[in-house]
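There are 2 protein chains.
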Amino acid sequence: MSGSMLLRSVRLTNGETVDIAIRDGRIAAIGPDLPGEPVIEGKGRLALPALVEAHGHFDKTLWGTGWPTNSAGPTLRDYIANERRILRDVKTPIADRAGKLIEQCIAKGSLHFRCHVDVDPEFGTTHVAEMLALREKYRGIISMDFVVFPQTGLLIRPGTAEIMEAALEMGVENVGGLDPCGIDLDPIRHLETVFGLAGTYDRGVDIHLHDKGELGLWQIERIAEFTRRFERQGRTVISHAYCLGQASEARLMKIAAELAETGISIMTTAPADCPAPPVAALRAAGVNVCMGSDGIRDAWSPLGTGDMLERALFLALRFDWAKDHELADAFDCVTQSGAKALGLEDYGIGVGKPANLVLIEAENVGMAIAERRADRTVIASGRVVAEGGVYLG
Amino acid sequence: MSGSMLLRSVRLTNGETVDIAIRDGRIAAIGPDLPGEPVIEGKGRLALPALVEAHGHFDKTLWGTGWPTNSAGPTLRDYIANERRILRDVKTPIADRAGKLIEQCIAKGSLHFRCHVDVDPEFGTTHVAEMLALREKYRGIISMDFVVFPQTGLLIRPGTAEIMEAALEMGVENVGGLDPCGIDLDPIRHLETVFGLAGTYDRGVDIHLHDKGELGLWQIERIAEFTRRFERQGRTVISHAYCLGQASEARLMKIAAELAETGISIMTTAPADCPAPPVAALRAAGVNVCMGSDGIRDAWSPLGTGDMLERALFLALRFDWAKDHELADAFDCVTQSGAKALGLEDYGIGVGKPANLVLIEAENVGMAIAERRADRTVIASGRVVAEGGVYLG
Numbered sequence: 001m002s003g004s005m006l007l008r009s010v011r012l013t014n015g016e017t018v019d020i021a022i023r024d025g026r027i028a029a030i031g032p033d034l035p036g037e038p039v040i041e042g043k044g045r046l047a048l049p050a051l052v053e054a055h056g057h058f059d060k061t062l063w064g065t066g067w068p069t070n071s072a073g074p075t076l077r078d079y080i081a082n083e084r085r086i087l088r089d090v091k092t093p094i095a096d097r098a099g100k101l102i103e104q105c106i107a108k109g110s111l112h113f114r115c116h117v118d119v120d121p122e123f124g125t126t127h128v129a130e131m132l133a134l135r136e137k138y139r140g141i142i143s144m145d146f147v148v149f150p151q152t153g154l155l156i157r158p159g160t161a162e163i164m165e166a167a168l169e170m171g172v173e174n175v176g177g178l179d180p181c182g183i184d185l186d187p188i189r190h191l192e193t194v195f196g197l198a199g200t201y202d203r204g205v206d207i208h209l210h211d212k213g214e215l216g217l218w219q220i221e222r223i224a225e226f227t228r229r230f231e232r233q234g235r236t237v238i239s240h241a242y243c244l245g246q247a248s249e250a251r252l253m254k255i256a257a258e259l260a261e262t263g264i265s266i267m268t269t270a271p272a273d274c275p276a277p278p279v280a281a282l283r284a285a286g287v288n289v290c291m292g293s294d295g296i297r298d299a300w301s302p303l304g305t306g307d308m309l310e311r312a313l314f315l316a317l318r319f320d321w322a323k324d325h326e327l328a329d330a331f332d333c334v335t336q337s338g339a340k341a342l343g344l345e346d347y348g349i350g351v352g353k354p355a356n357l358v359l360i361e362a363e364n365v366g367m368a369i370a371e372r373r374a375d376r377t378v379i380a381s382g383r384v385v386a387e388g389g390v391y392l393g
Numbered sequence: 394m395s396g397s398m399l400l401r402s403v404r405l406t407n408g409e410t411v412d413i414a415i416r417d418g419r420i421a422a423i424g425p426d427l428p429g430e431p432v433i434e435g436k437g438r439l440a441l442p443a444l445v446e447a448h449g450h451f452d453k454t455l456w457g458t459g460w461p462t463n464s465a466g467p468t469l470r471d472y473i474a475n476e477r478r479i480l481r482d483v484k485t486p487i488a489d490r491a492g493k494l495i496e497q498c499i500a501k502g503s504l505h506f507r508c509h510v511d512v513d514p515e516f517g518t519t520h521v522a523e524m525l526a527l528r529e530k531y532r533g534i535i536s537m538d539f540v541v542f543p544q545t546g547l548l549i550r551p552g553t554a555e556i557m558e559a560a561l562e563m564g565v566e567n568v569g570g571l572d573p574c575g576i577d578l579d580p581i582r583h584l585e586t587v588f589g590l591a592g593t594y595d596r597g598v599d600i601h602l603h604d605k606g607e608l609g610l611w612q613i614e615r616i617a618e619f620t621r622r623f624e625r626q627g628r629t630v631i632s633h634a635y636c637l638g639q640a641s642e643a644r645l646m647k648i649a650a651e652l653a654e655t656g657i658s659i660m661t662t663a664p665a666d667c668p669a670p671p672v673a674a675l676r677a678a679g680v681n682v683c684m685g686s687d688g689i690r691d692a693w694s695p696l697g698t699g700d701m702l703e704r705a706l707f708l709a710l711r712f713d714w715a716k717d718h719e720l721a722d723a724f725d726c727v728t729q730s731g732a733k734a735l736g737l738e739d740y741g742i743g744v745g746k747p748a749n750l751v752l753i754e755a756e757n758v759g760m761a762i763a764e765r766r767a768d769r770t771v772i773a774s775g776r777v778v779a780e781g782g783v784y785l786g
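Those protein sequences? They're chains A and B, same order as listed. Okay, so the first sequence: first residue is 1 according to the numbering used here, each after it adds one. Okay, so the second sequence: first residue is 394 according to the numbering used here, each after it adds one.
Just to be clear, a hint being listed does not mean it is correct.
[Claimed, not checked] When the alpha-carbon atoms are kept at most 25 Å apart in a straight line, the in silico SDA-like pairs for lysine to any residue are as follows:
id, chain 1, residue 1, chain 2, residue 2
1, A, K91, B, E756
2, B, K436, A, K323
3, A, K323, B, T485
4, A, K323, B, T458
5, B, K484, B, L427
6, A, K43, B, E756
7, B, K716, A, G64
Please keep in mind that the hints were generated in silico from the structure rather than gathered at the bench.
Between the sequences and the hints, there should be enough to build the whole structure, so can you do that?
So this is what it looks like as structure tokens:
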């Protein structure tokens, strides 16, 4: 049973009905009438590659602790203070909250994750330590990389850079940043710190950029320069980047060309309430666009389910995508493009690759996104780890 | 069994746990430890009033006929021509397509509907006749009123007004209109025709208004004038009204006051891809705002599920609503406000009212919207008509 099985009669996203033979956690063969056991009957369900959650904040979720009524004041400062108070008071440890949410995400079909983990002079690297330990629990089922995230600011919170460095020493794979202008108030020194750490420790970079308009666009140009200067090409992600949705076409095309050339990925939640990166135009210009849930049931918002097919739906709705090729693009953003942003090797359904799959009843990926059936079979390294929305472990 | 039962241990939206005794299809008592049979165990699930779908196009759905790949050309004209071709060619009758979709909506908890039904010089009132017949099939389970809808234009398609009049003679409850400026090119004559018919036949009015910016706002002012002139106060709905999302605050407040005074309801889908009526500001000004799915899996888009809790989620996401009172407002838009727009009497959970309820596992309406569990028990006139996402009839 250790990672070997035969998936009988599943449909690939190209429409072909096949068997998939899995041996020792990897796909051994794809084709008609294959031998193998135990047999899992696919019943013609669609076989999708495991979904990719490219932007989560698992350390801060309140999942599994009851409904988190949001009582923050109106300003960003209120929200940050409110979160600090809530996370100080919550009795349930990160391992339980984040663990339950990870299991929820697995049940929805995500097996690859990027998690931003808060550091702060108040609590140092404790979130990092807890998330590192939690990751071990799910080894062999999911992949999850971390971004050390200065949620309350970097330069404006003295001591934070040192804590971030400590997190990198502990094994965190990426250096995070946060609105070099809007929050940290000194963009060049902010980027020098972030990329300096990434260069020294040879890590990736993932920067939260909420700053709007020209202020945001100017920072994207700076991030691209730093990406070149510190040789982080293909290893830098800009998360949110709302400002790209406010650029003129001419300006957008210049920036997109630079993002494509430096291999900088854009992460979007496809927000409905504010400008969003124009995903079709960016993709057409060769920019890699991935998706994430952002916070799920936390002090910022009680909403979110961790279902990346739902996230793909939000993308389709955000840009009025209705054609099959558009829905396939939305699907790509929560699968292949997510894998690319996270630097995953061996991703996808193919012989020799790890057997990380989701089976779902749908005629095609468009229908999978439209209906988002709860009844999914999730297979990680050739083992069924979730069935019918329930995590089996 | 005919409409009598005891719902044991359900929670009301105010948090109170009660029994609900149902006799002859109506709620006979609400309180602790009530007698009655047969007993349906509520298990502490939330009891919600039946959801209200205030804007559907059931006659045009392709639900149940396989995945409808969208192959329309880029322009609005292309889409309309494409739809005409598809609906001419589809072999499955309206009764089957619309019927299956109605059953899907019932399984999600909607029991009250408004359906816009196309008329056109090409096919006359055939859609109307088929929908009138179909409505009979679900009598006793749902309420559904109709709007005769000139999808391809009214004045620009000579003969359409006469067909609309024929539809009213057949029993359609409301007169529809469509972009008096943008599509029909003669706003005053358009409104004279629509409101003239509504006045003559004493019917309601429901106008699709997609026109943007000042053009749209000007038409809303005209619609309010016609509402007064033809005494349609409280019986007029403006659907979509994207332009309200583009008005300056001063302009919006003047228009909102007039909408509130004339009892004109605004219907929104909470679109993510374009301006949307500012729901919080409108509600604060006393304007009734209801919600609809618009087209579900049709020639316009293959998306849509008919789940009005999902629609409430879209509203919350559209305006970054995260607080309990905001989620309660979103819930109100798919329940009480929908009922008000449709002029439903006796709506809601209360003694003496029809027993139209949805039981769903959730701590409160916010959680119901956030999670949208598939496992719902739907009760119509005191009978279980859907369970676990399956329509029972």
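So, going through the hints one by one against the coordinates:
Between K91 (chain A) and E756 (chain B) the CA atoms are separated by roughly 20 Å; this keeps the pair inside 25 Å, and the hint holds. With a C-alpha separation of about 43 Å, the suggested pairing of K436 (chain B) with K323 (chain A) is violated against the 25 Å cut-off. A hinted pair counts as satisfied when its Cα atoms are at most 25 Å apart, and K323 (chain A) with T485 (chain B) qualifies at roughly 22 Å. Straight-line distance between C-alpha atoms of K323 (chain A) and T458 (chain B) comes to about 17 Å, which keeps the hinted pair within the 25 Å bound.
In summary, the hint linking K484 (chain B) to L427 (chain B) is not supported, as the alpha carbons are separated by about 51 Å, beyond the 25 Å threshold. At most 25 Å may separate the alpha-carbon atoms for a hinted pair to count; K43 (chain A) and E756 (chain B) exceed this at roughly 36 Å. Simply put, K716 (chain B) and G64 (chain A) have alpha-carbon atoms about 18 Å apart, close enough for the 25 Å limit, and the pair holds.
Against the hints set out earlier in the document, violations occur for numbers 2, 5, 6.
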